[in-house]
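Sequences listed follow chains Z and P, in order.
Per this note's numbering, the first sequence starts with residue 605, numbered consecutively.
Per this note's numbering, the second sequence starts with residue 75, numbered consecutively.
Hints listed in this document are in silico derivations from the structure and should not be mistaken for laboratory results.
Be a bit skeptical, because a hint or two may be false.
[To be verified] No farther apart than 25 angstroms at their CA atoms in a straight line, the calculated lysine-lysine pairs in the PhoX-like style are these:
hint	chain 1	residue 1	chain 2	residue 2
1	P	594	Z	925
2	P	479	Z	796
3	P	248	P	283
4	P	248	P	703
5	Z	979	Z	958
6	Z	958	Z	925
7	Z	897	Z	963
8	P	551	P	129
9	Z	617	P	248
10	P	369	P	421
11	P	283	P	407
12	Z	617	P	152
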Amino acid sequence: MLSLSFLLYSCRKDEGVLPSTRTDTEVDRQDSEEYDGMYVLCEGNMGSNKCTLDYLDFATATYHQNIYAERNPEVVMELGDVGNDIKIYGSRMWMVINCSNKVEVVDARSVRRIGQVDIPNCRFVTFADGFAYVSSYVGRSISRYDVLGSVYKVDTLSLEVVGKVDVGYQPEEMAIVGGKLYVANSGGYRGKVVGEYDRTISVIDLSTFSVTGTIDVAPNLLRLRCDRYNQLWVTSRGEYENGIPSRAYVLAERGGKMQVVETIDRPVSDLAFRGDSVYFYGATLNGEGNPSKFNYGILHTKTHQLVTDHFIQDGRDADIKTPYGIVVAPLSGDIYVMDATNYTSSGRLFRFDKKGNFKSVTWTGDIPGHAVLLKRKAKSEK
Amino acid sequence: MLALLSWWTAVVVCIAQTTTTDADSLLEGQRVGEVTVVGRQTFREVIPSQTLKGKDLERLSTHNVADALRYFSGIQLKDYGGVGGVKTVDVRSMGSNHLGIYYDGVQLGNAQNGQIDLAQFSLDNMEEVTLYNGQKSSIGQSASDFGNASSIYLRTRVPFFPDGERERWRTRVKYGSSDMLRASVLWERRLSDRLVMSANGEVLTASGKYKFRYHRTAQDGTTAWDTTATRQNGDIHAERVELNLHGRLDEGSWSVKAYLYNSERGIPGAIVNNVWKRGERQADLNTFGQAHWHKNLTELLSTRWTAKYAFYDTHYTNRDETTLPVDNRYLQKELYVSTANVMDLVKDRWSVALSYDFRWNHLNSDIFRFTPPTRLSNLVAFATAANLPHVKLQGSLLASIIHDKVQGGKFKGQTHWTPALFVNVYPWQNRVLSVRAFVKRSFRMPTFNDLYYTDLGNASLRPETAMQWDLGVVLDKRFTTGWLRNVKLQADGYINRVNDKIIAYPKGQQFRWTMLNLGKVDIKGVDVEAEATLEPVHDWLITARVQYTYQDARDVTDERDAYYRDQIPYIPWHSGSAILGLHHRQWDFNYSFIYAGERYNAQENTPYNHMQPWYTSDLSLMYGFSVGKTLWRLTLEVNNVFDQNYDVIANYPMPGRNFGVSAELRF
């Protein structure tokens, strides 16, 4: 019996750091006058520690899956649990790993690790003047269910936390306009436990790093983006329980004050800008609150009017099971839609040309939802 | 409640009145009094089962019921690690919700999520643990016994005073790794010729701390990273008290049980990058009382009545500062009454049975926007068994009429018919060889969480169904001379199909998940088990038991899925166990080995989801002696001798090598 067990010991192999895998996306190699490629951050399911980083190389049209562990084999337990945001600032790439309570900072080109910033329940990141601003669900606790969120200020060179300010409940995306940081507060947790979502945007003056005001918008805010006219586009997930639908809002400065200037009368889950076009998708819910249909449309940044409610041609949008993120390449106009499929298996990355014609689809890590384009190296760089 | 009971009694009296003793009460009859009740042939089990009992159980140095079940073929244990970690089992890949678990004859319920945490059931007072595939194929049983895809029966010790004694005491103390201390007392007393009682109490505490290690190698074979840490927030304290009364009647028996389990524990959680400790806690107060009454009314007719009331209070909190605070209570209540009646149509040859169960379940919680659900289950089972010279047959048909409602709503009903047929053929008179087969359809109701959980539940779910086909052989031979005492070999091949599998499915960004009937699983498997007892030299007894399971369980839901025809999560293709015992006078040595082959932790069979095989070896040594009128036994155990670092569930590290010492005193 003992010998049998020793024999079986040989069945167990040393577990290796998993190498990345490559897929040819079979797309004409072009595009890349301004960009070299695109990083895709796949969330992975909570507790699975399967947050992975993928990279689409524009020059070779090759899709590399799970490159972080390969580039950083010495990092204990890889990239982490549930990636929630990815952005590049200067030569560094910042990845917000929500359930690992950290922001991972790597070299944007080599993906070699530079360091990490420990921030509990961190959500999104944005940058200005050498500082990173990271939204976090953890701030001052008022009572049992009332825990405010906060924004951390981090020195982008030293990776030191240099400041922290409380904002609304469960803050999400942020954008900076005119020296002010605007934070979309969702109140997502609070809505579930006491039925009160947050409805506000917190305004932080970056010169003093203090909250100077709030703007009431709609319940359960998520996305907050700034377009080229310094207008803010913010999405609300609504309150299904109370019949308040998902909507988007446009805010602009009027008389020195940022305020809501337009309500987009349709659900918007995510959006991306290119020129004067706002590409977006949103779910239409059926009576039971399940999405019956996803709409892929374009809005105009200036008029805020709908240009089209289906930019994807030939009905190929029906192939996308669970749209979870959208990116539009500025130069080529190629549209990338991330598909989280069933959230527990591989996702997919769909690529359409600027007219919405299907170009390719490739498998990704689990739950692709966040992506960033890598700028082409300037000639003077090495 | 009284009105309900009397109504129910009237119904049962009208439809019932039928026969006989069954295996359980036969045993009780043998034990309770000096008079042995002669068992009748027709209601004995058609298909044998897998059992661990008495000494075999004690030798395994297992802590709880879940640990013991690992030695059964066809079973996969989901173990989250440590003394307090949740442990559930899955039989033949059908999912743990298809498994019924019976504690002294009455099913344990959890209407909230259908999961019975087997780590909460101590082996301290356990006499026998038995697994039945399909169902326990004796017909004099409650209707719910016919309803599961497979069942596990836990039977606690019944006091037995053979020599006119009046009282017995047993006390045990065990100390082990993770600062585990377990102490128990059992007091048994004969109150009269016809009445015995027992009281059993147990206390368990542990810090739940143990070292675990994760490591990876680089492509060149060098160590990429290697980390060792201590498992945190796995502490537990638990108390259990059980009171039993067993009475004997003329041609019958009765019993009453009161059970209380109280515990408070940490939920250690997944180990992921940068997170080594979590703040989830759970407190449980589980209580139930049950009563059983059985009587042979005539030579041909017997009846059996059972009642139970259970109350479960679960308090879940999350004090992890990185997440938002959670503090919720869940209260579950269950009322159950059952009658089973058997009548012999041809004495010892052909019998029929009619059983009826009523069950009421209620769940309440203080979570926001919770609407308390109620379920009424009426189960009627008709069964018949024939005992011919070379063939045993049993057929049953169960009607389940289930009504659900949520507070403020109306009851909505549904009826399901589930038949089963069992055959056992003995080609030869001596019954050394038998060939058996069964086919059974069963279903599991969606749980309250599946149906009504805030944001996630889907009230329009259908039950999940399972269809099983099984064919097997048993070779069982006892020898009166020679060094080989006993050999038993059994092998089964089976095909299962699970339809309308209830799974969590994304709803879109807004709420993320809902429950849907969206899964089909095709399962093919083989269970093989061999047992032998040898006595090569006088006074040296060797017992050996080997078990192997092959399972091919594929997701066949949708061709377009990335995981179409992939093996379903956490089901290894190969798994098995071996137990080797050596007994010499006062000494007992036991070696046990468990193996689980490679498997995947998610739907897709990719390298990212791949999990390494694991195998552990456990050793125990026991020495028994007497001092005056007291009997002592000392045990030393070493588990996971080779200190393997493994996960049963991804990111939930299991303990490495660990030790235990225990002492037992009886008088």
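Quiz item: Hints broken by the structure, by number, lowest first?
Solution: Those not satisfied are hints 9, 11.
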